[in-house]
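Chain residues, written in single-letter form:
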Amino acid sequence: MNAHQNNNLIEIKNLKMYFPITKGLLRRKVGDVKAVDDISFDIKQNETLGLVGESGCGKTTTGRCILRLYQPTSGSIVFNGTDISSIPEKQVRPLRRHMGAIFQDPYGSLNPRQSARTIAGMPLIVHHMIDKKDLDDKVAELFNLVGLDSSMMDRVPHEFSGGQRQRLGIARALACNPSLIVCDEPISALDVSIQAQIINLLEKLQKSLGLTYLFIAHDLSVVQHISDRVAVMYLGRIVEIANSKELYQSPLHPYTKALLSAVPVPNPVRERERVRIVLKGEVPSPAHPPTGCHFHPRCSIASAECEEFIPPLNTISGTHQVSCLKV
Amino acid sequence: MSVLLDVKNLRTHFHTHRGLVKAVDGVSFHINEKEIVGLVGESGCGKSVSMLSVMQLIAIPPGKIVSGSAMFDGHDLLKYKPKGDEMRAIRGAKIAMIFQEPMTSLNPVLTIARQVTETLELHLKMDTQTARKRAVELLKLVGIPEAESRLDNYPHQFSGGMRQRVMIAIALSCNPKILIADEPTTAVDVTTQAQLLELMQEMVNRFNTSLVIVTHNLGVVARYADRIYVMYAGRIVESGLSEDIFLRPLHPYTIGLLKSVPQLGQTKSDRELVPISGLPPNLIDMPQNCAFLPRCSYHKERCRLEPWPELHAVGAQHYVSCYVDTRETS
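The listed protein sequences correspond, in order, to chains A and B. Under this note's numbering, the residue at position 239 of the first sequence is numbered 239, and the numbers go up by one with no gaps. Count along the second sequence from 1, add 327, and you get the number used in this note's numbering.
Bear in mind the hints are in silico, worked out from the structure with no lab data behind them. Just so you know, even glycine gets a beta-carbon here, dropped at the ideal spot from N, CA and C.
Covered stretches of chain A, going by a simulated chain B footprint (3 or more residues, C-beta under 8 Å): (1) 183-195; (2) 219-230; (3) 239-251; (4) 274-284.
Straight-line C-alpha distance at most 25 Å; calculated DSS-like pairs for lysine-lysine: (5) K595/B - K207/A; (6) K280/A - K467/B; (7) K204/A - K595/B; (8) K595/B - K257/A; (9) K452/B - K421/B; (10) K408/B - K452/B; (11) K452/B - K467/B; (12) K138/A - K207/A; (13) K245/A - K595/B; (14) K280/A - K326/A; (15) K29/A - K16/A; (16) K391/B - K408/B; (17) K138/A - K204/A; (18) K207/A - K245/A; (19) K90/A - K13/A; (20) K408/B - K335/B; (21) K204/A - K586/B; (22) K586/B - K207/A; (23) K257/A - K326/A; (24) K335/B - K406/B; (25) K627/B - K586/B; (26) K586/B - K245/A; (27) K245/A - K204/A; (28) K421/B - K335/B; (29) K391/B - K410/B; (30) K44/A - K245/A; (31) K44/A - K595/B.
Sample of chain A residues at the chain B side, in silico, Cβ under 7 Å: (32) E54; (33) S55; (34) S161; (35) A262; (36) V265.
Looking at chain A on its own, in the form it has when it is part of the complex (with noise of 0.2 Å):
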């Protein structure tokens, strides 16, 4: 596919995805779960996009519209020139190949019971783009891609430790070729000692095969690693959104300071040097969001306004968006 003029592989905008709550025996709606709530960014091609926030704020949601395997109640999604948010799932299918997908659980992500083979070939065999004579040299093209031994084609996903497994699932979403990849926190699962055999083979195959990432995780450190730019999502919006750099070095949201505040460095010295800023209370329910800024009731600097008004994601500086009314 040609790539958009502007080279924004994905532009969204507006994206709201509800989740309607119902209640008694006609399942009456009663309200809405806003699970992402307002919210617009654009994806370079060739660049990796963190999305980091903690359980429930809507990133992997956000990652699963992308992906169209959910249905978007407003907004859009571009996905390179074309707009996937609202047309029929039949012509989304054809779209997919371009779009790859790594999730979480290397254990519940791929069937047990079809082979290392079978599990890595089936995006081809159901987008017809190979012939079945050929579908052995191409698995193990992309075992040799992802540093697995194309000797275990055969094996089922239990005889795979973590990390191959995690391997084997990106194996799967390579498969098409795709220009996206949306990886929802693939490593947590893993080891801490494997956790960066598979970052640098992310890294290592987006040089090689000009990928773009959106790399959705709660770790901050892991996020701020592999991305160029990072969005800092809360309850469903985004609150920040910088490259990676500058998200760390002048974080302008009091949510963002907090967060990084909270993750700890794996150096004393440092540690005692910094500031460490605890949060009172706890995340709000997505079904019942606080008025105005969705930070405030746990914000130090807030204010009667910020209860009223919800903060427009101001840009402040070239790439550095933040929405807060008293930035």
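Given the structure of chain A, go ahead and fit chain B onto it with the hints provided.
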């Protein structure tokens, strides 16, 4: 500084149908008064089993404490019967434990009040009224809002972070000498993790309790621990003060771990991650020599031929179990 708990040569093995698993194989460690100790390692390295063995909470069978001693208050805890009165008087009262899953470690069919007052009535012989009053104080102490009204709630009415606060309240209720926190924050979000760890640190400072943090998160131990033990495949491979471990690591595994984790503030252009090659070992029927050997980039002929090296001193409180002096090779 006096030693509160002194564990020597602890071995806990599990007999499984696939073979003998030496989950903990010759571990010695000690906990000083008013100290925060970190026990780090990956899943399956034996860090939790070490702590559960000291508390005598290992399921027998399949588990068995094969050898070792755990001196506490002049007595060897491992000589006590697991279900005997002596062990019960220590467990929960003198040494308390917080577990990883606040969901499963609280009883879902009992109210919070019942679960907090149980330890108070059992160990401190309080009557129902006093215990209830004390329970409210404890819940307030760990930061549960509207403690009185929440006392008769059930665990499912609390969030994960709040449940872990209740666990902390129960653990602190008898003013223990040692608090063992086994992966206390793995199941919660980062900002909640920070809240809970700050709370624990504040509590142990206030009550002069020693704290053992069992975790796989290097950042957490760097932030809170005074002294650290690094475990691999059932053994301690390196121990020392926090600065020794993080600034002057000597064991190839510790060095490898530190090189492989991303640090906040550094991006891929600043520093490339160097992964540890290979996989953590399968603990069934392990060879006699160093278990890290297949993954080690420093190994020498000697490592292959001789048994797993003992810990030897390399600094005042810094110990390492390796034949190779990694300072020379690097």
